[in-house]
Amino acid sequence: MAKYKLLMVDDDKNYVEALLYVLNLNNYDVAVAYSKDEGLARLKETNPDLIILDVMMGKRADGMLFARKVRRSKEYAAYAGVPILVLTSIREQTGFFFPGEAKNPVFFPIDELLEKPVKPVQLLEKIAQLLERREAGAGPA
Amino acid sequence: MAKNVKLLIIDDEEVVRDSCAQAFRRKTRYEVELAADGDAGLRLLGEVKPDVVLVDLMMPGICGTELVRRLRAADPHPAIIVITGYATVASAVETMQEGACGYLAKPFTPDELYAAVEKGLEKSMRQDADAARLRQREKTQDRFVTFVSHELRSPLNTVQQYLEAMLSGATGEVAEEQKKIFERMSSSVHGLIDLVNEWLNVSRIRSGRMTAPFAPVSVCGLVRAAAESLRPLAGARGVSIELELPGDDPAVPGDRTCLERVVTNLVDNAIKYSPKRGVVRVKVAGEGGEVRIEVRDTGRGIPEEDLPRVFDDFYTTGRSGAHKDGNEMPGYGIGLAIVKQIVELHSGSVRVSSRAGEGTAFVISLPKIGAIS
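Quick note, the sequences are listed as chains A and B, same order.
So the mapping is simple: our numbering equals the position in the first sequence, first residue as 1, plus 239.
So the mapping is simple: our numbering equals the position in the second sequence, first residue as 1, plus 1.
Isolated chain A (complex conformation) (with noise of 0.2 Å):
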């Protein structure tokens, strides 16, 4: 069987790394990128089946434009159907509520959030809730 592809973009390498361990071992051939633009060319240049994103990259929401652009720009129009899974500590953060739901639709296109940590059952559980999602032909959320 093929492996999936992954994306992952996140600032923080050493995070990035933690999370490797799990992924890896669990036969995903992992992309990583560590900002915004690099998570846009690593999209281009590898194709994924899933993009695991982190929200605050640098002093920025990053995370949040990568998942417009992905979801809404022509450019990226060939990979708008790719499942984004958010992993951020944001929902915590002060002053940085999303409005009602985490996954808003038009503040934040998304299709699954976790919050840092992630108990690596639980992420491998959504991963491969999304790709069978996916498979079976259902749209974004």
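Among the hints, erroneous ones may be present.
Pairs of lysine-lysine, BS3-like flavour, derived with a Cα cap of 27 Å [what the hints assert, rightly or not]:
(1) B:K180 to A:K358
(2) A:K358 to B:K181
(3) B:K284 to B:K369
(4) A:K365 to A:K242
(5) B:K124 to B:K4
(6) B:K180 to A:K252
Please keep in mind that the hints were generated in silico from the structure rather than gathered at the bench.
Since the structure of chain A is provided, determine the placement of chain B on it from the hints.
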């Protein structure tokens, strides 16, 4: 080149004014302004913006102590030095409480005058520096909140993520003994992450940054969600949660996330203070224009003398260590402070009643806006 020093001399005696002016005329870095009474002095204060003010204590019109108070209130910057006759040294001391920084007894020599003014200048410079430091500190405080939210939490999350990776076996086989150690580390890091999060919430709420606009919130929904999220904790501690919800579903105007935190904090506390086989009861009742949420536990209660302080920051019962059934005592003591803050921001109130050995009840009252159909 250093800035000129501006002096304002307020004295009703022409001789004193003239001699002071004369004394400073030979010193090039001083600019001297003169006023013959308190009113003129107060007027000049705004125009001249002096660094040092010399005030005669015994003048017709406004009394010296009062004048010092008004000068100080009008401008916190200048050093105020009181000129006084020998007989009024005691009242000169009184003016110190109003913000004068020194006094000069008549008669004085030019050298004594210079010395007093120089000393006053030093003091006013120190004061300015203190004020600037205070402003800086407030700014730093703001930045610190942002700093904590990202720079402190990220590494904690990372440490936790590595521990999780090791515990899951993803980094290779882990011996039983090591696993226990990782679990303990993980629990400590988790506690620290919780603490940072709570602290951030306090800062956020305190600085009034509740972003979401108020909308009707289902009280029963809140209570159900809080109970649901805490059932695992309750189960682990052998505590049961019982809900008593009204048939209609009363609504209150608010920020759902914040209100859910209120109920969660109270229920969480109640669970942690409950003995094994304890019961936490959460009751919702609409009465008149109010909705009441009551969270009652069967724990050992809060000592009466502590009741007025439970909503203070960093309050804990003061009895550290483990509960007699081995459960850990709740830690940080800002949960209830947050509860009060949020409830008050929602125009509500929170009360506590407790009896030693019987348990504790928290009652929140919030304004009702009707029922959610």
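Here is how each hint holds up against the structure:
1. A threshold of 27 Å between alpha carbons decides the hint, and for K180 of chain B with K358 of chain A the separation of about 15 Å falls inside it, so the pair holds.
2. Taking the CA atoms of K358 of chain A and K181 of chain B, the gap is about 17 Å. The hint holds against a cut of 27 Å.
3. Under the criterion of a C-alpha separation no larger than 27 Å, the hint pairing K284 of chain B with K369 of chain B is consistent with the structure, at around 16 Å.
4. For a cut-off of 27 Å, the pair hint linking K365 of chain A to K242 of chain A stands: about 17 Å separates their Cα positions.
5. Distance restraint check for K124 of chain B and K4 of chain B: the Cα-Cα separation of roughly 16 Å lies within the 27 Å cut-off, and the hinted pair is therefore satisfied.
6. Among the hinted pairs, K180 of chain B with K252 of chain A is consistent with the structure: their alpha-carbon atoms are about 25 Å apart, no more than 27 Å.
Hint compliance for this structure: every hint is met.
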